[in-house]
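Modelling step: build the complete structure from the supplied sequences, incorporating the hints.
Top to bottom, those sequences are chains W and A.
The first sequence begins at 1 in this note's numbering and counts up by one.
The second sequence begins at 1001 in this note's numbering and counts up by one.
Hints listed in this document are in silico derivations from the structure and should not be mistaken for laboratory results.
Computed from a predicted structure; not experimentally measured.
We put the CB at the ideal spot given by N, CA and C, even for glycine.
Hints should not be assumed to be uniformly reliable.
What the hints assert, rightly or not - Distance windows between CB atoms, simulated:
(1) W/Gly52 - A/Lys1014: 19 to 29 Å
(2) W/Gly57 - A/Ser1005: 20 to 30 Å
(3) A/Tyr1100 - W/Ile44: 14 to 24 Å
(4) A/Asp1063 - W/Arg58: 43 to 53 Å
Unchecked claim - Subject to a maximum C-alpha distance of 30 Å in a straight line, what follows is the list of computed DSS-like cross-link-like pairs (lysine-lysine):
(5) A/Lys1071 - A/Lys1011
(6) A/Lys1071 - A/Lys1057
(7) A/Lys1057 - A/Lys1014
(8) A/Lys1011 - A/Lys1057
(9) W/Lys102 - A/Lys1057
(10) A/Lys1011 - W/Lys102
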Amino acid sequence: GIQVEQSPPDLILQEGANSTLRCNFSDSVNNLQWFHQNPWGQLINLFYIPSGTKQNGRLSATTVATERYSLLYISSSQTTDSGVYFCAPLYASGNTPLVFGKGTRLSVIA
Amino acid sequence: DTGVSQNPRHKITKRGQNVTFRCDPISEHNRLYWYRQTLGQGPEFLTYFQNEAQLEKSRLLSDRFSAERPKGSFSTLEIQRTEQGDSAMYLCASSRTGGYTEAFFGQGTRLTVV
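In structure tokens:
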């Protein structure tokens, strides 16, 4: 079946530190999204990035579709960055909807 | 606000009761998705619609679950004869079809079966 693996599963950072979250996926993709799930459970859109690199403030993302991975970079982390980060590829084959990994739980401490 | 809206936000029900959740997608989006999320896991796909047609259903969607999108606008997800294992967050998302397919999620409905 379709596989999405995220690493690391858990990450604890001191405020101000940088981090890289990784997402590996098992098949060709039409689309890939990164989400941040806040403490109330809502999924907040971070990036829609089927390929290439995008930046939004302290966050940036890179997807290398040919090698089947995506990276999310968080620079100068803040306590408000805490939460769970999910990647979700939309696969090229058939009508398969967004498939989620198990996420990376990030805790940023002051 | 024209985001995805879900109601209710929270639902507590007794085992064996039926529950129904509603999702209103972003108005110009013709795809609508339902996901379920349990503690410590990523969202798991349940079903999705393109306009009023239900195109795919997960094996997770037992015969106690039914979803509708009668006019291609809002959708309902009904769970009959709820079980404690149905306790979860139920998430709805919508997107366009075609070239730009970014999906947006609602706030979710948290179901607790006691």
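Hint check:
1. W/Gly52 - A/Lys1014: 19 to 29 Å: Violated: the Cβ-Cβ distance is about 51 Å, outside 19 to 29 Å.
2. W/Gly57 - A/Ser1005: 20 to 30 Å: Distance hint for glycine 57 of chain W, serine 1005 of chain A holds at roughly 27 Å.
3. A/Tyr1100 - W/Ile44: 14 to 24 Å: 19 Å, holds
4. A/Asp1063 - W/Arg58: 43 to 53 Å: Holds, since aspartate 1063 of chain A and arginine 58 of chain W (Cβ atoms, about 47 Å apart) stay within the stated range.
5. A/Lys1071 - A/Lys1011: 25 Å, holds
6. A/Lys1071 - A/Lys1057: Judged against 30 Å, a Cα distance of about 19 Å means the pair holds.
7. A/Lys1057 - A/Lys1014: 26 Å, holds
8. A/Lys1011 - A/Lys1057: With a Cα-Cα distance of about 24 Å, the restraint between lysine 1011 of chain A and lysine 1057 of chain A holds, given a limit of 30 Å.
9. W/Lys102 - A/Lys1057: 21 Å, holds
10. A/Lys1011 - W/Lys102: 25 Å, holds
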